[in-house]
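K.L.:
As they're listed, the protein sequences go chains A and B.
Everything in the first sequence is counted per my numbering, starting at 1 for the first residue and increasing by one.
Everything in the second sequence is counted per my numbering, starting at 1001 for the first residue and increasing by one.
Don't take each hint at face value.
[What the hints assert, rightly or not] Partial list, derived from the structure: chain B residues whose beta carbon lies under 8 Å from chain A:
1) Asp1077
2) Ser1078
3) Arg1080
4) Gly1142
5) Gly1151
6) Leu1152
7) Gln1176
8) Ala1190
9) Ala1250
10) Gly1555
11) Ser1559
12) Phe1560
In case anyone wonders, no lab produced these hints; they're calculated from the structure.
Glycine residues also receive a C-beta, built at the ideal position from the N, C-alpha and C atoms.
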Amino acid sequence: MTLTLRVWRQKDPSVKGGIVTYELADISPDMSFLEMLDVLNEQLILGGDDPVAFDHDCREGICGMCGVMINGQAHGPEQTTTCQLHMRSFKDGDTITIEPWRASAFPVIKDLAVDRRAFDRIIQAGGYISAPTGTAPEAHSVPVPKKDADAAFDAATCIGCGACVAACPNASSMLFTAAKVTHLGLMPQGQPERDDRVVNMVAQQDREGFGGCTNIGECSASCPKGISMETISRLNHDLLGALRAGVRPKS
Amino acid sequence: MPLDLFNVGDPIADTKAPMDVPIAERWSSRRFRARLVNPANRRKMTVIVVGTGLAGGSAAATLGEAGYKVKSFWYQDSPRRAHSVAAQGGINAAKNYRNDGDSVHRLFYDTVKGGDFRSRENNVHRLAEVSTNIIDQCVAQGVPFAREYGGLLDNRSFGGAQVSRTFYARGQTGQQLLYGAYQALERQIAAGNVEQHARTEMLDLIVVDGRARGIVARDLVTGEISTHFADAVVLATGGYGNVFYLSTNAKGSNTTAIWRAHKRGAYFANPCYTQIHPTCIPVSGDYQSKLTLMSESLRNDGRVWVPKERGDTRDPREIPEDERDYYLERIYPSFGNLVPRDIASRQAKNVCDEGRGVGPNGLGVYLDFADAIQRLGLSAVEAKYGNLFDMYNRITGENAYETPMRIYPAVHYTMGGLWVDYDLQSTIPGMFVIGEANFSDHGANRLGASALMQGLADGYFVLPNTINDYLADGPFEKVDESHPAAAEALQGVQDQVQKLLSINGTRTPASFHRELGKLMWDLCGMERSEESLRKALDRIPEIRQEFWSNVKVSGDWSSFNPTLEHAGRVADFIELAELMCIDALHRAESCGGHFRAESQTPEGEALRDDENFAYVAAWEWTPESAPPVLHREALEYEYVHLAQRSYK
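Only chain A is shown next, with the shape it has when bound in the complex (with noise of 0.2 Å):
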């Protein structure tokens, strides 16, 4: 396959950006997309050019860590992760417009790559157990009932990549924040913290700078993992329950 790449350029946070256009040749069908990145990025460094910058490690769909706008689209045209997006996905003779996330609370570092630790601080607001290593009861001391250990599953499969902030046109966070309130909120460990975790993590991304949520979909819709928009629900439902009875965030 050949190809016509448009991809954005910014050396650091500091200066501005551009899209730069590339050409490739002899791409294979079976390449993943980042495999591509690889051969344009060969021919920069041997051309004596600065290579993209792009985030990425375990290339399998799960650490979470890569993730780029593809046309447009949050990891592209599939519902997957950049990494295990395909070039049998595209044609021979398209061109490909390639750019970070887009939201003022994941700046951008280099090129493609944007600094996501805003997620890493909702967590630390209240996504979690309070379990200090030891303190454990016995596993079957409680039964979970399976379809709540399932449903929590599916929550607790969010990988953590920024696709929903990238795809919402708010750049809200509320599919991250409400996969994790979802997940514990589920298991009957996490009922002590249920409403303060709840209270806390949304002020918490208030804080960072994303934006509000307006239930518009495409986050669920852009997901690689398929979180649901019913962890959505499930969040503004705690939410009230706790507002309601007088819970307030930490300042």
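Keeping the supplied structure of chain A fixed, place chain B upon it in accordance with the hints.
P.N.:
Quick look at chain B alone, frame taken from chain A:
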């Protein structure tokens, strides 16, 4: 063995496991005898933890909870990215919830046997003991394990065991366990007990007066190289499978932290023990950047076969039953498709070498679910393995519900690593090594679902108990960047970075990495021989020399520069590769994942030589011109008797 390749030094021994009590009491005895640090004093001491996978994440969180000041380092943007996240199948624990005869002793026995009698009995027994605590801990954190309709935990079987002791969360067990540790770690960061260093890579160890006192690290965003100090350093930086370039490891997984610590005096144990996993998606082209594992749990229901005839290119569905060779079931009737990984991999290689391999290049075997789908129904198979079938479809474009998967072995895990004693302390006082980065528990072959168990055992339960005994002598005298040892380490790292940028040759770091990887796979892979290893040892120094005179690294040091990071890692892989080949050459026996062509039984199984090789090979680094020094740690088996492994 010719002395030009290595020298032999004094034997080495673990002195920490209390041998005066029976094996089942040794861990509790060690915990009782190890000195404690009172909570007020813990606040005065700092521990650096490098890496945030299952071992590093759980250790950093637990040490933070215990009251130590922890500094945590990782090279990705978030601790949640560590490659433990990719573990699929499950985690073993001797709960005996199935009432199928499991026990701590059986898990201990299976693990020693599975490791082909090249692991330490004391460490393995402890691992089996704490396995049950791990499940309790993870359930308390809210890890959504698979459950039965009654709400209790489900189990599945895994290779190398005849009991069902593997706990799992669909095909994403590593992810869910890692998130448990990650959330515990984030809780400690929020509480101010753990200081975070994201996108920061350790590039050297600082040793002051014989004690590990800090690290030199590079901020991968700003490029700044700086020193960090502590009373103890914990390395949890994973394995070195990427020395083969193509492996199931993450692209960033590397040996740099442990290799540079090795060059500061930590012995490297059994570097040649690498695990080749039998069920991975076959290589499809030269551009390939990584290999993807299909969980071993698939062997519970999938049947492995190849055509009986060579060069049979028919569609697998058209090959009648009596023209198929279900070779694992044929050769190993009692374990069948569930033989340990090293055996399954080698048999796949054998049938492909005979010309009966399948797929475009003949390097593949079928993993067939037709029987399982007929027996259990499509939806049951989908519920159990759906995400794996989806992943297979995405990568190969084939539907494994309709046609058998094609699989082939790939490098997956390294049993070797830095030598540690029972306390998980390396030969450098104050430097502890946990998880895959150490060598301790798996011998010459790791059983499935045991890596997660070991990582979490080390991080949650072992290290936080043993490190106190060392820190009881602290806090140690304050050191800072003005100390000559720190200044020297910092300067060394800066010089190396400048050197890499200044060569400006004609080959990229990736091209060297690919060449090294192919050489290691061909000559030091699934099967090694004296001839192949000598060939590798002739070639590796040439690659090293060419690397240091012809690599091209673009960009500068003072910005985000992934090519520069890669170049430094490749430089270390080249040095490690040489030690791996020396270790593989000196061990003139076959054991577990280390298969020497010269040492096999008449049936082609690995033939150990217990008389000469029942030891851990711990290698001491020496400056470039001198060969490494071998220190032997004798392995003694009091409880599991040495025997030829049999899974027939």
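K.L.:
Are there hints from earlier that the structure breaks, and if so, what are their numbers?
P.N.:
Those not satisfied: there are none.
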